[in-house]
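Colleague: Below are the chains, spelled out letter by letter.
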Amino acid sequence: MSKALERIYNGLIKENPTFVLTLGMCPTLAVTTSAINGAGMGLSTMVVLVLSNVFISMLRRVIPDKVRIPAFIVIIASFVTIVQLLLQGYVPSLYESLGIYIPLIVVNCIILGRAEAYAYSNPVIPSLFDGLGMGLGFTVALTLIGACRELLGAGQLFGFQILGADNVFYQNASLRPLAMFLGEYTNISIFIMAPGAFFVLAFIIAAMNRIRRSAAKKGKQIAPASDCTGCMGKNCAECAGGSKEGASDQKQEERISKDSGSAADEETASKDGGSAADEETASKDSGSDAKPEEAAKNGEGESAT
Amino acid sequence: MKTLLIIAVASALVNNVVLSQFLGLCPFLGVSKKVKTAAGMGAAVVFVITLASAVAAVIYQFVLAPNGLAYLETIVFILVIAALVQFVEMFLKKYMKSLYQSLGVYLPLITTNCAVLGVALTNVQKSYDILTSVVNGFATAAGFTISIVILAGIREKTEHNDVPESFRGMPITMITAGLMAIAFCGFSGLL
Numbered sequence: 000m001s002k003a004l005e006r007i008y009n010g011l012i013k014e015n016p017t018f019v020l021t022l023g024m025c026p027t028l029a030v031t032t033s034a035i036n037g038a039g040m041g042l043s044t045m046v047v048l049v050l051s052n053v054f055i056s057m058l059r060r061v062i063p064d065k066v067r068i069p070a071f072i073v074i075i076a077s078f079v080t081i082v083q084l085l086l087q088g089y090v091p092s093l094y095e096s097l098g099i100y101i102p103l104i105v106v107n108c109i110i111l112g113r114a115e116a117y118a119y120s121n122p123v124i125p126s127l128f129d130g131l132g133m134g135l136g137f138t139v140a141l142t143l144i145g146a147c148r149e150l151l152g153a154g155q156l157f158g159f160q161i162l163g164a165d166n167v168f169y170q171n172a173s174l175r176p177l178a179m180f181l182g183e184y185t186n187i188s189i190f191i192m193a194p195g196a197f198f199v200l201a202f203i204i205a206a207m208n209r210i211r212r213s214a215a216k217k218g219k220q221i222a223p224a225s226d227c228t229g230c231m232g233k234n235c236a237e238c239a240g241g242s243k244e245g246a247s248d249q250k251q252e253e254r255i256s257k258d259s260g261s262a263a264d265e266e267t268a269s270k271d272g273g274s275a276a277d278e279e280t281a282s283k284d285s286g287s288d289a290k291p292e293e294a295a296k297n298g299e300g301e302s303a304t
Numbered sequence: 000m001k002t003l004l005i006i007a008v009a010s011a012l013v014n015n016v017v018l019s020q021f022l023g024l025c026p027f028l029g030v031s032k033k034v035k036t037a038a039g040m041g042a043a044v045v046f047v048i049t050l051a052s053a054v055a056a057v058i059y060q061f062v063l064a065p066n067g068l069a070y071l072e073t074i075v076f077i078l079v080i081a082a083l084v085q086f087v088e089m090f091l092k093k094y095m096k097s098l099y100q101s102l103g104v105y106l107p108l109i110t111t112n113c114a115v116l117g118v119a120l121t122n123v124q125k126s127y128d129i130l131t132s133v134v135n136g137f138a139t140a141a142g143f144t145i146s147i148v149i150l151a152g153i154r155e156k157t158e159h160n161d162v163p164e165s166f167r168g169m170p171i172t173m174i175t176a177g178l179m180a181i182a183f184c185g186f187s188g189l190l
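Chains as they are written, first to last, in numbering that gives the first Met the number 0: chain Y, 0 to 304; chain X, 0 to 190.
Isolated chain Y (complex conformation) (with noise of 0.2 angstroms):
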């Protein structure tokens, strides 16, 4: 069990795949535009990662290694499009409002490269958990994001008026002064359109470097800077495991142990288990991050009006 949080903690803060690790750009660019949006984009995400996750896993004695990456793309694209079908039949109003980033899923670096990095050389369980840890991770960092956009832009969150002339404030008459206070917000539109999101991204990864640079003095570490571009091409695997290191290793120690029984498992399983506690110290840092980050964002809005 504390194997499943230990992924889940990975995912959701040591390595944000956002965040700290910045793959899949162009779905968090593109659909942040409010904060459900980013939301939502963010479970389809998830949806997909962990079911891709948990069958590569299944599938993992099965696949030749010459042609997995093939193998990869068309499970991952089975799944998106079940996704794509069920989100058109149930929430169809999300289906619109994303459109064609939904199919484009399956390009995104994050899923490929956690089946090459996690999920095929690791059994089911902690792949699912993996799968859910990167996917939680994502849905936060697209629905942060999204929420500042939606804010500084539109003056709303979730939906509700928060800022502007007629917020949702006025209708308590209590809170008749802070309805007053946040009416003064004029909406910086551009924050919603294009432009806006590579500012807030600018300033979230300024943010982070900082933090990196900061524990870096302190002598801890925190997950490397990418140096990788995101999607490109075949190097996607090797950065979502960037921080995992020696993931070839362990494939090749798999394969040499398939002959002598699952001692694999087991190997991976201690492995990730010595490094745990290295992975505690850094994550401290990760856990304070978030103060920094709204501080830069503040900074950001104020610059721009």
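Among the hints, erroneous ones may be present.
[As the list claims (entries may be wrong)] Some chain X residues well away from chain Y (every beta-carbon gap over 12 angstroms; in silico): (1) I6; (2) I58; (3) L91; (4) Y94; (5) K96; (6) S97; (7) T131; (8) V134; (9) E164; (10) R167; (11) G177.
[What the hints assert, rightly or not] Listed next, with one range per pair, are the computed distances between beta-carbon atoms: (12) F86/X to L4/Y: 41 to 49 angstroms; (13) R212/Y to L189/X: 29 to 37 angstroms; (14) S188/Y to Q60/X: 33 to 41 angstroms; (15) L4/Y to S97/X: 53 to 61 angstroms; (16) N160/X to L84/Y: 30 to 38 angstroms.
[Claimed, not checked] Not everything, but these chain X residues come out facing chain Y in the computed CB check (under 7 angstroms): (17) A53; (18) Q85; (19) L116.
To be clear, the hints were calculated from the coordinates, so they are not data collected in a lab.
Note that beta-carbon positions come from the ideal geometry of N, C-alpha and C, so glycine has one too.
Since the structure of chain Y is already known, use the hints to place chain X on it.
Modeller: What follows is chain X alone, placed relative to chain Y:
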């Protein structure tokens, strides 16, 4: 002819594939350090997207749509694109050495470029016919080339500027891209 021209201008400038649709962002940010490589990448993208949108349109019109298999578009398109890129690479290597030397290194990077799949799917969504699909694909790719070359030019000029330490690398590139996106918003008055 007029509608084709309008579609071309719309996808090249007004709805620029990178700056307003955020497709193909990874090569856009990754391969834009030098104008020369950016132009090479742009040429490879024009080549692949034009070809891929033609092939995808043909497959959709003659194989998927008549057999009621339209829901398989995502799977079929991604496999076709991956195979096509491999095939193009092999073909160029064998028969067109000089072109291979200039475009070859970029080709594998394009396989999972979401712009290629994105254009193929957009063509289907807007139910363009084959000719319109090809024009739309070419114009979209041209838009990509325009923006990546401009970004590379700006990055070459600003390379030695004194940027705050946290903003070096990716963040300042994104801010540059954001400012470019604002500029490209101006094109929306064209149509």
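Colleague: Look at each hint and say if it fits the structure.
Modeller: Now the hints, each set against the structure:
1. Against chain Y, the non-interface label of I6/X holds: every CB pair exceeds 12 angstroms, the least being about 16 angstroms.
2. For I58/X, the non-interface assignment is confirmed: its Cβ lies about 15 angstroms from the closest Cβ of chain Y, beyond the 12 angstroms cut-off.
3. Listed as a non-interface residue, L91/X keeps its Cβ farther than 12 angstroms from every Cβ of chain Y; the least gap is roughly 17 angstroms.
4. Distance check for Y94/X against chain Y: the nearest CB is about 23 angstroms away, which clears 12 angstroms, and the non-interface claim stands.
5. For K96/X, the requirement that its beta carbon stay farther than 12 angstroms from each beta carbon of chain Y is met, with the minimum near 22 angstroms.
6. For S97/X, the non-interface assignment is confirmed: its Cβ lies about 23 angstroms from the closest Cβ of chain Y, beyond the 12 angstroms cut-off.
7. Non-interface status of T131/X relative to chain Y is upheld: no Cβ of that chain comes within 12 angstroms, the nearest being about 17 angstroms off.
8. At roughly 19 angstroms from the closest C-beta of chain Y, the C-beta of V134/X stays outside 12 angstroms, upholding its exclusion from the interface.
9. For E164/X, the non-interface assignment is contradicted: its Cβ lies about 7 angstroms from the closest Cβ of chain Y, within the 12 angstroms cut-off.
10. Annotated as non-interface, R167/X brings its C-beta within 12 angstroms of a C-beta of chain Y; the closest such distance is 8 angstroms.
11. Listed as a non-interface residue, G177/X fails to keep its Cβ farther than 12 angstroms from every Cβ of chain Y; the least gap is roughly 3 angstroms.
12. Range check, F86/X to L4/Y: Cβ separation about 46 angstroms, and the 41 to 49 angstroms hint holds.
13. For the pair R212/Y and L189/X, the beta carbons lie near 44 angstroms from each other, so the given range of 29 to 37 angstroms is not met.
14. Checking the proposed 33 to 41 angstroms range against S188/Y and Q60/X shows it holds: the Cβ atoms sit about 40 angstroms from each other.
15. Distance hint check for L4/Y and S97/X: the Cβ-Cβ separation is about 56 angstroms, which falls inside the suggested range of 53 to 61 angstroms.
16. Distance hint check for N160/X and L84/Y: the Cβ-Cβ separation is about 49 angstroms, which falls outside the suggested range of 30 to 38 angstroms.
17. Interface restraint check for A53/X: the shortest CB-CB distance to chain Y comes to about 19 angstroms, outside 7 angstroms, so the restraint is violated.
18. Evaluation of the Q85/X hint against chain Y yields a violated restraint, the C-beta minimum of about 10 angstroms exceeding 7 angstroms.
19. A least Cβ separation of about 6 angstroms between L116/X and chain Y falls short of the 7 angstroms threshold, and the interface hint therefore holds.
Going down the numbered hints, you'll see the structure goes against 9, 10, 11, 13, 16, 17, 18, while the others check out.
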